[in-house]
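**Q** Each chain, letter by letter, is given below.
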Amino acid sequence: MSPLLLAFALAQELPAAGLDGAAQVFYARAESQLVAGEYASAAALYRLVLGADPSFTPASLGLARALEAQGDLAGAEAVWRSLGTEPDAVEALARLVEPRDPAEALRGWRLLQSLRMGDPVPWREEARLLAEADPDAAQSAWRHHRALLLGAEPDGTVLAAIAEVLVRAGRAGEAEALLQEVVDAYPEGVHTPELRRRLDRLGVERAAEGVGVGGSEPLSVAAQVRLRAGHQRLREGEVDGAEAIARELVAAAPRSAEARGFLADVLLAREDLGGAEVQASLARQLAPEEAAHHLRLAALLRQAYGGRRDAEAVAELRDAAALRPGDAEVHARLAEAEQAVGAVPEAIASWERALAASRDPAVSEAARTAIAALRRAPPGPVLLPAPAVPPLPEEVARPYRIALVYVARGQLDAARAELDAALAVAPDTPVLLNLRARLLRRLGDEAGAVLALDRSLAVDPTQGPILLTRGEIAAAAGDETAAERWYRAAAEHGAGDAHYLLARLAEGRGDWSAVRLELDAWSATAPSASLYAPGAAALRGELERRDRRRVVGAVLGGLAVVGLPLGWWIRRRTAATLADLARVPEVAPQVARHLAALRHEALKHRATVLPEVATALEAGDEGPWRQWLADAPVVIERLDATIDALESLGRPLRLRLALRDTDPVLAPLHRALRAAARDRVPTPGQVRVWSQSINQGAYAALGAVVHGLASTVVDPPAVERVYARVGGEPGFAGAQLPELPVEVEGTPPRVSLFAADLDDILANLLRNALAAGAGALSVRVETEVDPITGTAEATIRLRDDAPGVLTNAMIRGRSISRGLGLAADLVHRSGGTLKVEPAGEGVKVVVVRLPALEDR
Amino acid sequence: MKLLVVEDGDEYSTTFARFLGAPFEVERAGHGAEALDRLARAPYALLFLDMRFDRLDPSLLLGDLAGTTERFDGDPVRARQFLEAHQGTYVLEAIRAAGHRLPALFSYDFDAEPRRWAVIAGRHAPVDYLPDNAAPSDIRARLLRLAGSTGR
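Protein chains in written order, with the numbering used here: chain A, 78 to 933; chain B, 1327 to 1478.
Among these hints, one or two may not hold up.
[Said to hold, decoys possible] If we take Cβ atoms under 7 Å as the criterion, some of the chain B residues that face chain A in the derived model are: (1) Phe-1345; (2) Thr-1394; (3) Thr-1395; (4) Phe-1398; (5) Asp-1399; (6) Gly-1400; (7) Glu-1419; (8) Arg-1441; (9) Ile-1446; (10) His-1450; (11) Ala-1461; (12) Ser-1463.
[Said to hold, decoys possible] Beyond 10 Å from chain B on every Cβ pair, some chain A residues (computed): (13) Pro-135; (14) Gly-228; (15) Val-418; (16) Ala-598; (17) Glu-931.
For the record, the hints were derived by calculation from the structure and aren't laboratory data. Where a beta carbon is used, it is the ideal one built from N, C-alpha and C, also for glycine.
Please model the complete structure; the sequences and the hints are all you need to start from.
**A** Below you can see the structure in the form of structure tokens.
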């Protein structure tokens, strides 16, 4: 088609019919040039058209667009202004002047709201322009925009802008409601993901406002003493006394995480789960960097809500694992919780971390078992081959199959509806009636179930398993006569297990010959995987025991003699020991405290007289022996209390401790003390043996355990390991951290501190320095000796160049960062000190002194 | 042989009175000041020192409480506890400073702390120590040996 003909054809369809022929051709050419991007040519042609007819608005509009496209904004603006209230011109002018004069643009859009009634765009533009200055008016305009869309999705960008202004104005609640309204109305909308993201963010920010950040109040030394007393009472079961102390501590230091945590423990002991959760949550908020608070809260959430809040427990445990990455037990607990919420890959990863960190064979074994189970692939779906002849017509089989699926899913009412549909078609079908009976029993309708079974058996009285079920229902109702009748019928029809149940009935009657007969019948006819096999074996055993008692009572006596040592031997071989308990870091402080008290209070001052007792006995003097007998119950009572307390510590850790019987340290001590406390005058030699066992063997062994538990070596690997852990924390992700030179003068000192506590002290100091912007760090470890007492202190000097002022007055007055405060608390609790020393321009040295021990 | 037992309780003096027998004549001082007073008034052959004095009125503890408080970050409670835990050494320090050179036996097991013992022995000789689960016969043997020697 020639350009001329094309122009003509276009001219027929455009509002150029009023133009003369040449102008029409020029107009058509101008439009095509505009479309083709030939703006100068288009503008020239529009001018020719306007020369022929200055009132031809489409040409003016075209001219203005062509001029604007060429960058001649002033020319375009002049043309649009000349068009007065022409809607396209008003819109174009509003867009053009907006950067220079938003108020005029707003007036233009408002004019368009009248000129183009029903058009949502001018309202949207008004909302956009007003969002920043007047969010209320913007909301109103946006609602007009939304209303005019007649259900189509409104502009989410403008809405998001309005919400943002509302948030900045402190009206986050309104913003959230506005966003929620649109997200709910257009769940699949184009803008909805972005609006939902903003909504989620607002929710997070709102929740974050309720989260207390930092600021746990340290307990005074006196309060710490009270806290220890409270823990002791709680361990001893004095919950009232413990609660009184906990509440006293919370009243005195309401922002102490330790006090809140202890109150939570007390309330948990009272089974006040709600109260315990509140306190545990407060403790975690006050000291979120303490793994123990996360663990406590996680345990509560898992215990109190039947699995409903396991996801929150997982979050707490993940925090705890991040804080205690080397703690196998924490990873194991996390893995269990992740398994509970179905997070299988995460659970496998957590079990693997537990396995890597574990020094406890029980935890390692649990981890390996769990990993294997979680990785085990299930077999594919199992389909029964189709029977040659369908047992049920399809109109019955289909609802029956559907009912079975509902039953498997626990949707019993739906299953019942399907089953009723099937029974309506085939009311006397045993398989349907049997399923109905199962359903009704699960729904608690025992009478209805019995009716269904009886109806089923009336149709087919040869159903052995159904006869057995009927018998069990009768037995459960206490009707043993009917039960026996049903069992007998069941046995006749191939239900071998009926013989076991008949045997039990016979046992109840004391008819042991019938028991034997029925058990023999059961053995001959019961299915290979009978669920009654254990019961049958037990009953058979009882039967045989009766036989043996009657015939060879003496042999039975012999067996008991053999069995007891065997049980003792098995117990000895399988029970955990004090050493196993001492390997669990969480309980190390308590174990050390109990053992130290036992040594000092029970053994040192009371059992050391035994050699004198022996010497006196040799001289025929029983006086010292009688004196010892008077003291011995105190020592034994103390030992028993210590062992009970240690075994209590082991129970939550799943350590089965039989310390009195099997522990290589405590069992000989226990035996020796018991023997030495018998009211029968011993030989001097016996007393010396007991003394050796108590005063040398047990005393030294307990001392070694305490020493090992409560001490840690401060060496470069210990510091470097903690630094690596801190550097790996999320807060320092991607940061270029300085190297940490660690220098030790002389032999690395052993400090009187649990390993976990030393880690926490170092971690808090290093984290604090890094967070404060230290660009250079170094650690120097020395040993200093007090000339009067001879006691030594390990001095750890952490030198950093982080900006900021830190003085000893600030440390004492607690005007310090949270991390430093925590480190100071731990140091003080360990009998040490924390000070700061200036070390030149912009450099300071935090000095930690900890009591040093000597290597044994 | 007069033995001065310095302890805050009476466990040692009671046990010694019961088990040591001749030639020992046991007297007790409840704190450092009392020990100094007794030593100033009468000669003793031997000194027996408990280490921990946590049952004593704090005002009777020997040692620089103010300086120790400063050492323990300004905490007087911890300072007092430190003085209590090591009071035996402070008592011996005061006794030696007063010019009494009698042999001393600590009831404190330094077996596990040879480095610390070297400091104390070097400063306070003649001095010895007992393992803290020592039987009275051990104590007796150790006291007799110490009375005839200059300590370890």
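**Q** Could you check the structure against the hints above and give me the numbers of any it violates, in ascending order?
**A** As far as the earlier hints go, 2, 3, 10 and 17 are violated by this structure, in ascending order.
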